[in-house]
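This is what each chain is made of:
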Amino acid sequence: MAGLTLYDKLWRNHLVEQRDDGSALIYIDRHLIHEVTSPQAFEGLRLAGRRPWRLDANLAVPDHNVPTSAAERAGGVAGIVDEISRLQVQTLDDNCLAFDITEIPINDLRQGIVHVVGPEQGATLPGMTVVCGDSHTSTHGALGALAHGIGTSEVEHVLATQCLVQQKMKNMLVRVDGKLQPGVTAKDVALAIIGQIGTAGGTGYAIEFGGDVVRAMSMEGRMTLCNMSIEAGARMGMIAVDATTLDYVRGRTYSPRGELWEEAVAAWSDLHSDADAQFDKVVTLQGEAIQPQVTWGTSPEMVLPVDGVLPDPAQIENPSRREGARRALEYMGLQPGTAITDIHLDRVFIGSCTNSRIEDLRAAAAVVQGKRVAPTIKQALVVPGSGQVKAMAEAEGLDRIFLDAGMEWREPGCSMCLAMNADKLGAGEHCASTSNRNFEGRQGIGGRTHLVSPAMAAAAAIAGHFVDVRSLQETDA
Amino acid sequence: MKSFTVLEGRVAPMDRANVDTDMIIPKQFLKSIKRSGFGPNLFDEMRYLDEGQPGRDNSQRPLNPDFPLNHARYRGASILLARENFGCGSSREHAPWALEDYGFRCIIAPSFADIFYNNCFKNGILPVVLPAEQVEQLFAALYAEEGYQLKVDLERQQVQTPTGETLRFEVDTARKHCLLQGLDDIGVTLESAGAIRDFEQRWRQSSPWLFDVIGREQR
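Taken in sequence, the protein lines are chains A and B. Under the numbering used here, the letters of the first sequence match residues 1364 to 1840, in that order. Under the numbering used here, the letters of the second sequence match residues 4 to 222, in that order.
FYI, nobody ran anything at the bench for these hints, they're computed from the structure. Heads up, a few of these hints could be off.
Said to hold, decoys possible - Footprint (simulated), chain A over chain B, 3 or more residues, beta carbon under 8 Å:
(1) 29-35
(2) 117-123
(3) 199-205
Quick reminder that beta carbons are idealized off the backbone N, C-alpha and C, glycines included.
Same shape as in the complex, but just chain B:
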C-alpha cells in the first residue's frame, strides 16, 4: 500500500450530502475482476451524459458540463471536499479504488460512513473529519479561489489552508500508523500468528460445533 505522509494539492468539491458508493462507482463496473482502472468511471452517472459500460472508451463520451470534476479549475485535484455521511451504502471497495485511481488521496468531510471510512485506509487514502462549520468555510474558500490548494499533514494531524490557518483532525493511532508507514496489514497481523493459533485452539475446545462442518462432505 502507498504510504501517506504530507499531501499538498488542489481541491475539488463534491457538494452534496449522503454521497453513496453507488454514486462513486456504479454497479456495472463492479463486474471487473481487477483492482485498478476504475478512475475514468468515478462518479460515472454524474460525470457523463450517457450511460457508462465497462470496457468502453470513456474519452469519447459526452461530459456533463455542470459536474465540477469536468471543470478545468479542478483538474489534477488530489483532495476531495465533501459533505456529511460520505461513502454510505454498499461496502464495495471499488469506491476507494476509483477515487485513488482518479488521483484523490484525501477526502475531507464532516462525517463518513463506517465501512467506506475503513476501506479508505486500506488503499492509501486519508479520510479527514472536520467540523461542519470548518468544512463550510473550506467550501466558500474553494469556490472563491481558482486553483485552491490545501496541505494535509497526517503526522501532525492537521490541514493547512493557504492563509496559514491550521485545522486539527482526529485519527486513531492504529490506522494512522499503518497509513504513515504504508504497511501491509496482513503481514502485521501474521506477526500475531501464535496468538491466533492459541485462541483458535481454545475456541475449538469450547465451541467445537463451529469447526470442521463446512467442507466435511468433500473430505
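Just chain A, with the same shape it has in the complex:
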C-alpha cells in the first residue's frame, strides 16, 4: 500500500466518523473568529438555544473593519467613525462576552490580522485542524496544519459541534526545485504558481508545497505561499514540519512548554508526506526560472514577470480567456503590448495577511531606506499585520525608514486589502499592492490593483512605476 500524504495524515488524525454517503465528520482543534463572518453564526446559536461546544478551541480578533489611522484608533471601538463598522466590531465584543469566548480586543498589543495573530500567538500549531470564516485561513497550513476557510453556516456548525462535515479532497503536490534568485520572494513563487496552474487549477485539491525552495523558506515566506493557495483555487495549502517550523513555534504564548513541548515535537515528527505517498497531481517549477511577478489584470492568474509585456487578447485562442483578457485590460485602462515597467502607479499598499509580517516589512524597508517616494505617488501605506509586528518593526527603526521615505505608518488591520475601512483606492487609480486579490473593485470601486511582493511594491513607490527591484539593489551595491 502506498504511503500517506501530509493531508491524508491530518485527515486521518481528526476523523471522528466516516459516513456511508462519502462524507466524514472532522474534529476541529482551532476556530479563529473575526467580526465580519461571525455575527450571523452567533445569532444562529442564540435562536437555537445552543452554546459553544468547547470554549478553549476558539480565539477571536477584530481585523477587517478596524481603522488603521492612529487618531481614529485611539478611541477604541467607540472611536470608529463608520457607524456600521463600529456596530460590527462592537457586536464581536458583545458576542465574545456573552458566549465566554476569548477575544483579543481592538487596541490590545496582540491585535492584528487573524492570520498573522494565530501563528504569532502559537494559537495555531502543527498537526491542528484550523478553520476560520475567511478564505485565507489556508495561511496556517504553513505550520503543517490542515487549515481552510469556511462560510458562516460552518462557523456556527463548528461553534456548536466542534466538527465539520467534510468530503475528502484530492492530493496535489506543488514542488519548487532549486533555488530562488536574490530579490525573488515567496510572493513571486505564489504568483508564478497561480500563473502556471490558473485560479481554478487547485479546485478540488489540498495542495502540499514542497521542494528545496520551500524547504529553504522562512516561516513568514511559507505563510505567504500557503495564504495564496485559495487564489490557485485550493481551499488549503500546507507544508511539512521541519526544524524551521519548530524554531518558529517554540516559546510562543499558547505553544506547549517543558515536557509537553517534547511530546508535541515527537508527535509532529510524522507531519510530512511519506516517501512513497501518491499524489493525484504533481506540478513542478524551477526556482531559478522565477522572476519578480506583477499582475496586470483582474484575476491573480493574469500575471507576468516584471520584464513582460501585456498580452494582446486577439492573440489568445480560447474564447473565454480572450474575453477575460479584453475585459481586464479595459477595466485596468491598459493597452496590449505595454511593458509592465511602463505601468505608472497612484498608490502603494504594503500589508494584508499575505505580506504584513516582520520579514515583509524588513524587505520593503531595505528597498526604501534613504530614498523618497516618487512625487507622483499620492499615498504609500505600510500597515503591519499585528501590534506585535508593529512593535518589533519600531524597535528595529523600520517605521522611521518608511516615514522618512514619505510613507505612512499605520495601526494593524486588513486595511486596503479589501477596503472595508477608510483605506481605499479611488476610481481609476493604479495600486502596487502586497495583498492577494486584484478583483474588480476589491480595493475600492474602480480601483486598479497590481499584486506584487513587498520589495517590488517598495521599489514601485520609489520609481513611481514598476521596476525590477533587483536593478535598484544592484545600483546600490
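Please build the complex by placing chain B on the supplied structure of chain A, with the hints as guidance.
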C-alpha cells in the same frame, strides 16, 4: 433551511468566467450583522451605475442598462446560468445569501469554486455542474428565446430543457440528502455527539497541548 426538490423557473445569464464573490456582493455590504436583505445589492457594481452603500434606498439608484438582470426578459429568474469557476475568491456566505435573497435557487455552471459550492448547499441553493458544451448550448438557447425556462430535478439529478432534452448532473449523496430534506445539519451532527465526545477524549489524551490553553488566563 429551505428544501430543494424540483425547480421550474426562468433563467438569467451571467456570461463571464471567474465571477468572484466580491462581484456577487461587494465588501461594503459585509458590514451587516444580519443574514437577509442582501438581494437588492446582488452584483451591485455591475447592476447599478453609482456606488452602493449599505442602508441606501436602492430603488432610487440608476440601473446599468447593459446588465442582464435589469432586462425585463430576465425578471423573476430563479436559475442563474454562469461560466467556469463561479464564486471564486472570498469565503463570504453573503454571496449565496444575496443570490437567495434575490430569488435564485439554482446556479448552473461548468465549474464552481470549492468554498462557494459548499456554502450554496447550506442555504437551499443547488449548484449544478454541467459540461462546458452543454452550458454553451444553454446560453445559446437562453439568448434565442425570451422567457426561457428550465426544470431542475434534484432527486433525479437532471436538468430538463423546454425541448424535452434531459441533462444529467452529479451531486454527492450527503449534500443531496440534506438539501432534499432541508435538514439543519447542526442537528444532524449533534446526533453523533457521543462519537464526538469519544474522539475528543482520546485526542485530549494523545495531544494534551491542544486543550485548555486559550482562556487559561481568564480561568
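Against the structure, the hints:
Under the rule that three or more residues need a Cβ within less than 8 Å of chain A, the assignment of the region 29-35 of chain B holds, with 6 such residues. Here the region 117-123 of chain B counts 4 residues with a CB under 8 Å from a CB of chain A, which clears the bar of 3, and the coverage holds. A stretch counts as covered by a chain when three or more of its residues have a beta carbon under 8 Å from one of that chain; for the region 199-205 of chain B and chain A the count is 3, and the coverage holds.
In summary, the structure agrees with every hint in the numbered list given earlier.
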